[in-house]
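Novice: Okay, here's what each chain looks like letter by letter:
2 protein chains.
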Amino acid sequence: MQLHLERGSGLALHRQIETQIRGLIESGVLDAGSRLPPTRELAQTLGVNRATVTTAYDALVASGLVEATVGRGTEVLGRGAAPRPGVTVVPGSAPDWASVLASNIERRSAFADAFMPQDRTRGRLDFTSLVPDEQFFPVDRLRKCLDEVMRRDGASLLQYGPPAGYEPFRALLAHRMRLVGMQVDASDVLVVNGAQQGLDLFCRALLDPGDAVAVESPTYGNLLPVLRLHRAEGIPVPMTPEGVDLDALAQVLATRRVKFLYTMPHFQNPTGITSTPLHRKRLLELAARHALTILEDGYEEDLRWDGGEMLPLRALDTTGRVCYLGTFSKGLVPGFRVGWLVAHRDLLGYLAALKRNTDYHTSLVLQAALAEFCRRGDYDAHLRRLRRTYRTRMQAAQRAFETHLPATARWRVPQGGYCLWVELPDRVDFDELDARLRHDGVHVTAGRHFFLGEPPYGCFRMSISRVDVDGIESGIAIVGKHLREMIRAESRPAPRAARPYV
Amino acid sequence: MQLHLERGSGLALHRQIETQIRGLIESGVLDAGSRLPPTRELAQTLGVNRATVTTAYDALVASGLVEATVGRGTEVLGRGAAPRPGVTVVPGSAPDWASVLASNIERRSAFADAFMPQDRTRGRLDFTSLVPDEQFFPVDRLRKCLDEVMRRDGASLLQYGPPAGYEPFRALLAHRMRLVGMQVDASDVLVVNGAQQGLDLFCRALLDPGDAVAVESPTYGNLLPVLRLHRAEGIPVPMTPEGVDLDALAQVLATRRVKFLYTMPHFQNPTGITSTPLHRKRLLELAARHALTILEDGYEEDLRWDGGEMLPLRALDTTGRVCYLGTFSKGLVPGFRVGWLVAHRDLLGYLAALKRNTDYHTSLVLQAALAEFCRRGDYDAHLRRLRRTYRTRMQAAQRAFETHLPATARWRVPQGGYCLWVELPDRVDFDELDARLRHDGVHVTAGRHFFLGEPPYGCFRMSISRVDVDGIESGIAIVGKHLREMIRAESRPAPRAARPYV
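Chains as they are written, first to last, in this note's numbering: chain V, 1 to 502; chain P, 1 to 502.
Same shape as in the complex, but just chain V (with noise of 0.2 Å):
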């Protein structure tokens, strides 16, 4: 038993005694029925007055937490047990927290069970997750950048900031914007704890219970729950291969006050669809028609493997209509839980407000070490390395999809991000094709996840954030076996050629 005593600490020894000894029996390093060393062997361990051991020692004991017997010594009864000298304990049962939760437990089950499953241990070939491969974080550039962040600022980096965020990331993030042709400055700028907080703030702000929001249909999984949370409607729109199709969006909002469109035009999440230009500005036109706010999430839009650069929506609108949302969860690393938001003055006053109720702000040490990352250009070095390796993975997964799945399956392989997007020939059923999968080691995410319904049809994602080459060759030739194999027992006509999804 191994006790530091800490003089001129202003806690008095026998309570540094009692409670460290307290510690060791809670933490359950000293077992029921393990013995205490006697006082005066204790005592002449630690330098200290034996009277000094036996007022801990009687502190414990009657705590309830060590029982001493003539002949035996002192002996440990348990942890946790008995609670502290001096504690009255007052009566009274457990509340009932179903009943304290009750008004709303049903909607209130109904979202915190409605989470993606994130389980990263699973599986040999896991194609469920979006969590980027750690093997390609710059773990030692960040450090770096933390450190002198710490080195130069430390002071004024661990107080109070403002809630919009710190001055010089919001710049720093509004000049990459601009990059990418938004015309936006620092005050459009309200940094959030990654693009999840920027997704609740902005739903706290524009919506009211019963409210409706339309999604792309299938979207984001992790929207859906949030919606819940705010008690609103999400009205599902189709995508097609070109964006969320406009046609029947102009039905919904010929009918529904909507309060807005969630929408992805990059690398779409689950489909991996980038809405073309046309579509883009189609898009503007009838928001402008309806007054339709829209909440454009760039999630992945660092993330171009291939093809020309495309402007958000964000960068063709001139009103203001149009609110992004960005992070750097998927680029580079989540664990810092840094994105933005770029909207209106009007709104990101209000959004600021809201953020500094909720949580005050974001942390200045991690948005200022970002920002000494960006301004070192390790970002954009970053984002060089990650296109190269999934340049290759998408070229692989090209390639086996066109060499391993059947004529009458749909696949789509994307310029960019890490979703993989495949439906199912009419027949099969996909928890059949999933148990199948997952006795051969390859984990993907049903569809379901992403409707808010049940899905129209087969469909799942394979995302390749943490799959190599080797790993995608091999994950798609077996999602292919089976697939040939279900359909030959429908004895249907064995088919022949791939067929891309568009």
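Think of the hints as simulated: they come from the structure by calculation, not from any bench.
Please read all numbers here as calculations on a predicted model, not as lab measurements.
Treat the hints loosely; a few may be bogus.
What the hints assert, rightly or not - One side of the interface only, derived from the structure: several residues of chain V facing chain P at Cβ under 10 Å:
| hint | residue |
| --- | --- |
| 1 | Ser129 |
| 2 | Phe137 |
| 3 | Leu158 |
| 4 | Val192 |
| 5 | Ala291 |
| 6 | Leu332 |
| 7 | Ser363 |
| 8 | Leu364 |
| 9 | Ala435 |
| 10 | His439 |
| 11 | Asp440 |
| 12 | His443 |
Heads up, the beta-carbon is just placed ideally off N, CA and C, and yes, glycines get one too.
We have chain V; now place chain P onto it with these hints.
Specialist: Showing chain P alone in chain V's frame:
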């Protein structure tokens, strides 16, 4: 004009030139009227084909940022005026955000305007701020902890993590809570972005619009906008020198369904009152009789400058009805934005689900660095240093109040924390006093920031967190001088001796 081209970056050279010049214009480095270098000259400087530069200039002309005139070269027109090349501006006017936010604009404005003033630059004697003094921040030790955990576990700390918090940090917090008598382990602890997020999550979990919450009166000013945000009704219960008025609370509980009581038993903000052990026992008995949930805010609990240890309510409660909110913002640094909630496991699971939908989780890097900081004993050492400093400041405040304040004023110097509380004699108007104090460079916080309605008596708070002993003495002397003058102006007999608040 300095440009840096990067070959093999994937971005065409003419686009790099265009983008960088655009950046210089938009950031104001190149003013309206300045000239771009001739294409031939820039091509030579950069070592590129002249056509590359011409293409870039053409794009800038097309975008309306520069103008090419024969004989005058290429001239900058101004920044931010024009959309990017290829951008078809979609017609339409800006949304009226007031109407987008309309259905609850009144509620929403009300809470957005209700912030505490926190302008740190004003006044030479600033007693307004509960912001800790950055001259005491252990910047270098925190920097070393950040560096250490990034070296040791960087990749995993930069990855997504568990919504409830980084496990070693939760275990450490639970250990610290056990040292103040709570029977908890890591699974009872939720890590949040400072106490403010803890408050908001707790309200989100428990409150529906129209619900009632009992609050001490006066109470923590930043709680009130959170209640308004949740459309909850705050029910004020007066403070007594022993703690919240239990008779008044019993009356409220007898007539209203109250979702929870928000209380600060230690060094209450703003009054500095610490409730007595007997009061704590009676409060828990009352809570048991009425099945009342309690949110105990322990925000300055580590900041005890004098007097003996006092167990928190959560340590006296074995039913789980008391939830506890802790923070590092006052005792260490606010800029990390890290706090924690202790709650019954049934509730904690729900709070963690809310946290996940709100911002996924708190940065693992910050949690790991704080865990390392505590593990090294640096936090306890820091608290010991603070104790020495603030004990001296509190003693100075005590002497200054006794020396300078008139007998008809009541004041309180607490045993810990940063808050001094002054109640004015009947006929002294706070606003007039405040104007006089500001004129003399002394800034205090008006009592009305801490009440749900108008304060029932004249009062103000003085925080000594950022004022040294000399400042405390002169500040209180100035308060005393104006109070005496204002009392004399009321033609009442001159006061002779001060009397303390209790």
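Novice: All hints are to be evaluated individually against the structure, with a verdict given for each.
Specialist: Do the hints match the structure? See the list:
1. Because the closest C-beta pair between Ser129 (chain V) and chain P is about 9 Å apart, less than 10 Å, the hint holds.
2. A hinted interface residue such as Phe137 (chain V) counts as satisfied when its beta carbon comes closer than 10 Å to some beta carbon of chain P; here the least separation is about 5 Å, so the hint holds.
3. The interface hint given for Leu158 (chain V) is met, as the beta carbon of that residue sits about 4 Å from the closest beta carbon of chain P, less than 10 Å.
4. Of the supplied interface hints, the one on Val192 (chain V) holds, with its beta-carbon coming within about 8 Å of a beta-carbon of chain P, less than 10 Å.
5. Taken as an interface hint, Ala291 (chain V) checks out: its beta carbon lies about 6 Å from the nearest beta carbon of chain P, inside 10 Å.
6. Interface hint status for Leu332 (chain V): upheld, as the beta-carbon distance to the closest one in chain P is roughly 8 Å, under 10 Å.
7. With a least beta-carbon distance of about 5 Å to chain P, the hint placing Ser363 (chain V) at the interface is held under the 10 Å criterion.
8. Given hint, Leu364 (chain V) at the interface with chain P, holds; its Cβ is 5 Å from that chain's nearest Cβ, closer than 10 Å.
9. A hinted interface residue such as Ala435 (chain V) counts as satisfied when its beta carbon comes closer than 10 Å to some beta carbon of chain P; here the least separation is about 27 Å, so the hint is violated.
10. Look at His439 (chain V): its Cβ only gets to about 27 Å from chain P, farther than 10 Å, so that hint breaks.
11. With its C-beta approaching chain P no nearer than about 26 Å, Asp440 (chain V) sits outside the 10 Å limit, and its interface hint is violated.
12. At a threshold of 10 Å, the smallest CB-CB gap from His443 (chain V) to chain P is about 17 Å, leaving the interface hint violated.
Going down the numbered hints, you'll see the structure goes against 9, 10, 11, 12, while the others check out.
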